[in-house]
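The primary structure of each chain is shown beneath.
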Amino acid sequence: MAEEQQTKAEAKPEAEEKKKLTIVVFAGELDKALAAFMIAATAASMGIAVTMFFTFWGLNIIKKNDSKVKNKGFMRKMFGWLNKGGSKRLKLSKFNMMGMGTGMIKKMMRGMKLPSLEDLMTMSHQMGVKMHACSTTCGLMGLAEGDFIDEVEPEIVGAAFFLGEAVESKSTLFIS
Amino acid sequence: MAEEQQTKAEAKPEAEEKKKLTIVVFAGELDKALAAFMIAATAASMGIAVTMFFTFWGLNIIKKNDSKVKNKGFMRKMFGWLNKGGSKRLKLSKFNMMGMGTGMIKKMMRGMKLPSLEDLMTMSHQMGVKMHACSTTCGLMGLAEGDFIDEVEPEIVGAAFFLGEAVESKSTLFIS
Amino acid sequence: MAEEQQTKAEAKPEAEEKKKLTIVVFAGELDKALAAFMIAATAASMGIAVTMFFTFWGLNIIKKNDSKVKNKGFMRKMFGWLNKGGSKRLKLSKFNMMGMGTGMIKKMMRGMKLPSLEDLMTMSHQMGVKMHACSTTCGLMGLAEGDFIDEVEPEIVGAAFFLGEAVESKSTLFIS
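Residue numbers (the working numbering), protein chains in the order written: chain C, 1 to 176; chain Z, 1 to 176; chain P, 1 to 176.
For the record, the hints were derived by calculation from the structure and aren't laboratory data. Where hints are given, some of them may not hold.
Since the list can't tell identical chains apart, any single copy or any two copies may satisfy a pair.
[What the hints assert, rightly or not] Keeping only pairs whose Cα atoms sit at most 30 Å apart, straight-line, the calculated DSSO-like set for lysine-lysine is:
id, residue 1, residue 2
1, K84, K72
2, K130, K107
3, K72, K94
4, K19, K107
5, K113, K91
6, K72, K19
7, K107, K77
8, K84, K113
9, K20, K107
10, K20, K72
11, K77, K64
12, K77, K91
13, K20, K77
These numbers were taken from a predicted model, which means no experiment stands behind them.
The task is simple: from the sequences and hints, build the whole structure.
Right, here's the structure in full:
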């Protein structure tokens, strides 16, 4: 009996702790973005609280598709032009083949009635997935809150915020 | 008082929880596959229960080396041909140099009597490492259970299965 | 006394556990090294105990910049020449553009008074971040303790060591 009680008590923190997942999205490729949001949306549908933290190339996923980031300085202008971003501009990390492979995958996904990246992002948002942009890399790339899609309402936060979430999470994935 | 006791009891399950490791293998390169299976085999030898979840390019690692996946449709046929897979066809993520770098690493590993990827996979399997293929990406790439090596006996499972494992694991690694 | 006992019982797994972060650094690119050390330095400043485990291409980050690794055998010599490493030789994983992109990012970071990778490494070391090199990949690449920077004092350890840390950590990140 005493043992049984102990077992019950033990179980408790587990259940609550299980409820949190943190995902750092460092990569900005279509396949990795799909993996990140498939996991996020599935986790949210299971009642897990999901926090996503976008940094470096991952910021491209949550940039507005029609954004016109106005960068100051030649280098940042050039870099911003090369690194335009927006979910519709993402490419596969393999077999992009000048966009042909990427287009092929998107067509295959449509053919199978799989949700697109944009659908997964909307679903994740609707199910309460929280998305944040990394302040340091935003600063480096000259990005401000207005450059990110309204739909996901990202807040720009620092690494300390992400770490605060990570230490409270059951799992932290780093998608690079 | 009662609450306090409970708190003490709560602390316990941690120790047991330590016994589980989940690895998502998203990448399909030789070096990353080696890292994944070195960790899996070592963890298993330490008594840690390991679950591996292969998705996207990671599916290539567990494909049969002599597989002839019969894909329907031109796009999937072409994609399947480009993305053939099988542990023996994997390349280094860096310095592949048309296969020369990859061959060099394999030769160096043999020279040092290090286990090959295939050895590590067999060892992992024998020590009870569980390997699963992601249902969504299997569907996308037109893969079924028969396309994967018998030795590892993967079961095709969804993201919810992986998340169920992840929330019970002490650590979850995402190898991309 | 009573308080002390309680603290011991409760705190042990939970509170202390929260304080630990393990980072596997598999990648050897500048952007990924920056991410790894920004996280490590921030975590350390928050009182989290950080253990970094460098493997495969990640070893390049902690190699001496002026190292002259003397490799035996033609293959290893050639490989060592291609894979020279040292924090100052790291390139961006994207937009390296023969070094132009990498130089641009470094210049932008200086312009914003952001710490360089070397600064972050020194800071991390000073705040007690522990750095270790993976014995298997050191062996494969013909690297010994003397090949790594003194500042970080890495010890060469096996995968079992890393897993021992990982199962005691609140989060484990795999940066690939």
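Hint check results:
Taking the closest pair of Cα atoms, K84 and K72 come within 30 Å of each other only inside a single copy of the chain (15 Å); across copies the shortest separation is 36 Å, beyond that limit. Taking identical chains as interchangeable, the C-alpha atoms of K130 and K107 lie at most 30 Å apart only when both belong to the same chain, with a minimum of 29 Å there against 33 Å between chains. For a Cα distance limit of 30 Å, the shortest separation of K72 from K94 across copies, 22 Å, qualifies, whereas the shortest one inside one copy, 33 Å, does not. In this homomeric assembly, K19 and K107 never come within 30 Å of each other (Cα to Cα): the closest approach is 34 Å inside a single copy and 42 Å across copies.
In this assembly of identical chains, K113 and K91 lie within 30 Å of each other by CA distance solely inside one copy; the values are 20 Å within and 32 Å between copies. Taking the shortest Cα distances, K72 and K19 never come within 30 Å of each other, neither inside one copy (42 Å) nor across copies (40 Å). Taking the shortest Cα distances, K107 and K77 sit within 30 Å of each other only across copies (14 Å), while inside one copy they are farther apart (33 Å). In this assembly of identical chains, the alpha carbons of K84 and K113 lie at most 30 Å apart whether taken from the same copy (28 Å) or from different copies (24 Å).
Within a single copy, K20 and K107 get their C-alpha atoms no closer than 33 Å, and across copies no closer than 38 Å, so neither meets the 30 Å cut-off. When the C-alpha separation of K20 and K72 is checked against a cutoff of 30 Å, the pair qualifies neither within a copy, at 39 Å, nor between copies, at 40 Å. Taking CA atoms no more than 30 Å apart as the test, K77 paired with K64 passes inside one copy only; the shortest distance there is 17 Å, against 34 Å between copies. Proximity of K77 and K91 under a CA criterion of 30 Å is satisfied in both settings, with 21 Å inside one chain copy and 21 Å between copies.
Taking the closest pair of Cα atoms, K20 and K77 never come within 30 Å of each other, the shortest separation being 38 Å inside a single copy and 40 Å across copies.
When the structure is compared with the earlier hints, violations turn up for hints 4, 6, 9, 10, 13 and for no others.
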